[in-house]
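Enquirer: Each chain, written out:
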Amino acid sequence: MPENQGTHLIRGARPLGEDPVDLLLEDGAITAIGPDLPIPDGAEVVDATGLIALPGLVDLHTHLREPGREDAETVASGSRAAAMGGYTAVHAMANTDPVADTAGVVEQVWRLGEEAGYCDVRPVGAVTVGLAGERLSEIGAMADSAARVRVFSDDGICVSDALLMRRALEYVKAFDGVIAQHAQEPRLTEGAQMNEGCVSDRLGLPGWPAVAEEAIIARDCLLAQHVGSRLHVCHVSTKGSVDIIRWAKERGCDVTAEVTPHHLILTDDLVESYDPVYKVNPPLRTAEDVQALREGLADGTIDIVATDHAPHPVEAKETEWSTAAMGMIGLETALGVVHKTMVETGLLTWDQVADRMSAAPARIGRVGGHGRELAVGEPANIVLYDPAAPVDVDAAAMAGKSGNTPFRGMNLPGRIIATFLRGVPTVLEGKIK
Amino acid sequence: MRHLLSAGDLSRDEATLILDTAGELAQVGDRSVKKLPTLRGRTVVNLFYEDSTRTRTSFELAAKRLSADVINFSAKGSSVSKGESLKDTALTLQAMGADGVVIRHSASGAPHRLANWIDGSVLNAGDGTHEHPTQALLDAFTMRARLGRLEGLRVAVVGDILHSRVARSNVLLLTTLGAHVTVVAPPTLMPVSVHTWPCQVSYHLDEVLPESDVVMMLRVQAERMHDSFFPSVREYSRNYGLDRERLNRMPGDAIVMHPGPMVRGMEISAEVADSPRCTVTEQVANGVSLRMAVLYLLLGGS
Amino acid sequence: MHARKPARDDNETGVPASVPEVPEGTRAVLDGNEINRALTRIAHEVLERTKGGQDVTLLGIPSRGVPLAERLARRIERVEDLDVPAGSLDITMYRDDLRLAPARALGRTEIPAGGLDDRVVVLVDDVLFSGRTVRAALDALGDLGRPRAVQLAVLVDRGHRELPIRADYVGKNLPTSLRESVTVQLEETDGLDAVLLGPSPSATLKEGTRPGSLQRSETTEGDT
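Chains as they are written, first to last, in our numbering: chain A, 1 to 433; chain B, 1001 to 1302; chain C, 2001 to 2224.
In short, the hints are calculated from the structure, not lab data.
A few of these clues could be false.
[Unchecked claim] Okay, the calculated beta carbon distance ranges per label pair: (1) C:ASP2139 with B:GLY1148: 41 to 51 Å; (2) B:HIS1204 with A:ASP71: 49 to 59 Å; (3) B:TYR1203 with C:LEU2192: 57 to 67 Å; (4) A:GLU70 with B:ASN1116: 26 to 36 Å; (5) A:GLU190 with B:ASN1116: 27 to 37 Å; (6) B:GLY1097 with A:ALA388: 44 to 54 Å; (7) B:SER1011 with C:ARG2027: 37 to 47 Å; (8) A:GLU134 with B:GLY1097: 46 to 56 Å; (9) A:GLU44 with B:ARG1002: 52 to 62 Å; (10) B:GLU1084 with A:GLU250: 32 to 42 Å; (11) B:GLU1084 with A:GLY68: 23 to 33 Å; (12) B:SER1193 with A:GLU44: 55 to 65 Å; (13) C:GLU2077 with B:GLY1097: 34 to 44 Å; (14) B:GLU1207 with A:ASP71: 55 to 65 Å.
The structure displayed is predicted, hence computed values, not measured ones.
The beta-carbon is built from N, C-alpha and C at its ideal position, and this holds for glycine as well.
Full structure from sequences and hints, please.
Expert: If you want it as structure tokens, here you go:
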């Protein structure tokens, strides 16, 4: 648990990239914003000259692996990584062992997050018992638990049964929940190893066709609209998916969607190395898809960036491609990748980055106290980012337990300097507190 | 080049050098002493994760004819079957001082991974549904020996293109060497992006046969039927099997090739398999010379 | 695979095939006529030493030993009206310095019909230097058959032997320094006939100061 509970005066930060001001953080809230604020007694001054201040980031899609795979990540190690990435709230996915399909498991995860104290950990509940896709888990009990679960997902596995999906969408309406679908038609992707296309054909790896994602998204959008419920689409990865979601939104479907940082920058030709660090589900797609995803995120078709942070131990990746685990870590590099792919390209302003990475995910997940404006009276959840401090990503230097980052060696344009969770610094001077 | 991982990595000069070298080394099989001292003191490991007596034996004989020490490391009954990872196996081989590792693996790309972990040369002896470069080289060698050239040769590769490592390597290599390849299969057994491959695509064997100098038949596993790649063995055989009647529609000097093992009655009739125009046994014999050439060129120098 | 191309590209000494002038610092020690005369003499000596040449098989060592063997065969044929089998024997796979350079392309081995058993095999090469090529050729011969006798004919013997090997027939004895290189050019491979003596190409790198030194790579000299 971070020590300093005191008062902090942030000097000269640029809120959402605007002109520099000072921000005073007291008792967990922002109490003053303005130029040249006086230093209160006992306040710690944080020099933020040149740094951009954003509301603390909110991740709607994080795998913390606990319980079950504590060798890959724990709630504590994962939330430290989150803090290092500028996050003040994360959603812990349900595919743990045991699966987070009961109030007991989600409360355990929630409590582990509270104890660690680096960010708010909001458990995601499983849609179906054991992620088996057969019957609904006790969604209501999880919603009413201390963890106040609002996001339900079988992530990693698609709720492919159309009737079950309909029921789930309907059921969560009772407590304003949302079903976050991992859109993957299972029969079309049996044994799939990578994006189906020129590269998979050349490499002799079974393909994961775009249509397997798009068909489910189309179906779910129609279902959600039919029953008047909220649908969230996890890790959209194809141009066709962006088109379908755009179409669904136009016809009034209450659908939201996320894109991961890796799908905003990496393409399937990286698989030519057969290095499983690039193995992920959904798979890396083509440059055309990457461009469509960036445009979709820019025009709001895709609402948010979510990391799908998926830690794996070394042995799960130091193997043949086909036996390697799917997934890559992303909490600590997300903001840098978004800066590089969306801000440097002129597709998003910092104001919009705050929306896509904080406000919108908090809204979708119904996370109170996060994703708020940087304004007096609001909770002091803030990240300070240096946009002019390029870093070479070092897999060995990650704060989480696993180093399976596909960005290793890549140069990212900036770095997180400080993260405040309700006024308490979880990261200062680029180091975990 | 330190490794032979993909036929696509070979330039035309390199591929030609391998074929020419194999041509010289073919004589060794006819001599009283069928052995050369070239790789004396070098260690070649045959690391076979899939059963393939034919390919393993061919590599073993090739290495022994070059006087290399040969170790057969098969997945069955070894540490591999006890769950040892490929990386740990690689480190073991490295510690044993393997100069070359010949690897057959069911996972596409396994040889690429292995090449990251050991200092010696890695020879891909077939990886999953990816490639089988020495098979393509020996096929090219056989075509050149039979027909005198590769440039401009019209080669039809018929069968399960989607899952065939032989097809992938042959399309890449033969194109590099100036031949014109047509892949022939039902659309379900074609890769989805096959139209971007450097070859022609046909769904109709009968249209391709009269225009082919070489027809290479690939093995089709009957199990594919259960995954609905085709309705029945009978229907596949009727449309894509090579029988006497179809053989007669090929140009007079055209040859029939098969990487083996053949499924008689499925993709090839017994009559065609036994015909003098079928080069199956030559392919096997050429395989040894060709693999000697590759081993020499990878391991013989500094 | 960085193997060298066969035969022709070893013309790296900067002597374009069609230009008869000798490069700077290099002098011709034998011209075309002198080479012809030397070969004619060797042909006579072979017939004499082998008592009519009835059992003789000529084996040239690639690359320049091969046309020399063919020329010798034609001369013997002219002199004695005798059809002497001539072939080639590539010794690459028997070299003792394979690991000192990238893998080399193989030359041709063509053993004349009838084989080598009980024949008098005359190995033919352009330059005799360290003797290592001949050692390799003797090893290769042992795997190919059992000749009654093996003899050696060379166009130039430049000395500096490293093995107990000597030639039976020598076109010209040429005392050289280790810093010099001997280059044989033949009509068949280079467009003209000449034996050139010059400074070792790239000074110490190619032929080095010792005939068996590590950096030796393929040059136009037959025997390395």
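Enquirer: Hints first: check each against the structure and report whether it holds.
Expert: Now for the hints, and whether the structure bears them out:
1. Between ASP2139 (chain C) and GLY1148 (chain B) the CB atoms are about 33 Å apart, so this pair departs from the stated range of 41 to 51 Å.
2. The hinted window of 49 to 59 Å between HIS1204 (chain B) and ASP71 (chain A) holds, with their beta carbons roughly 55 Å apart.
3. Taking the beta carbon of each, TYR1203 (chain B) and LEU2192 (chain C) are about 59 Å apart, inside 57 to 67 Å as hinted.
4. For the pair GLU70 (chain A) and ASN1116 (chain B), the beta carbons lie near 29 Å from each other, so the given range of 26 to 36 Å is met.
5. For GLU190 (chain A) paired with ASN1116 (chain B), a C-beta distance near 29 Å keeps the hint of 27 to 37 Å intact.
6. In this structure the hint that GLY1097 (chain B) and ALA388 (chain A) lie 44 to 54 Å apart at CB holds, the actual value being about 51 Å.
7. Look at SER1011 (chain B) against ARG2027 (chain C): about 40 Å separates their beta carbons, and that is inside 37 to 47 Å.
8. One distance hint, 46 to 56 Å for the beta-carbon pair GLU134 (chain A) and GLY1097 (chain B), holds here, with the actual separation near 54 Å.
9. In this structure, GLU44 (chain A) and ARG1002 (chain B) meet the distance hint of 52 to 62 Å, their C-beta atoms being roughly 57 Å apart.
10. Remark: the range hint 32 to 42 Å for GLU1084 (chain B) to GLU250 (chain A) is contradicted by a beta-carbon distance near 55 Å.
11. Checked against the hint of 23 to 33 Å, the pair GLU1084 (chain B) and GLY68 (chain A) passes, with Cβ atoms roughly 25 Å apart.
12. Our hint of 55 to 65 Å for SER1193 (chain B) and GLU44 (chain A) holds, since their Cβ atoms are close to 58 Å apart.
13. Under the hint 34 to 44 Å, the C-beta atoms of GLU2077 (chain C) and GLY1097 (chain B), about 53 Å apart, miss the expected range.
14. For the pair GLU1207 (chain B) and ASP71 (chain A), the beta carbons lie near 58 Å from each other, so the given range of 55 to 65 Å is met.
The structure is inconsistent with the numbered hints 1, 10, 13, although it conforms to all the rest.
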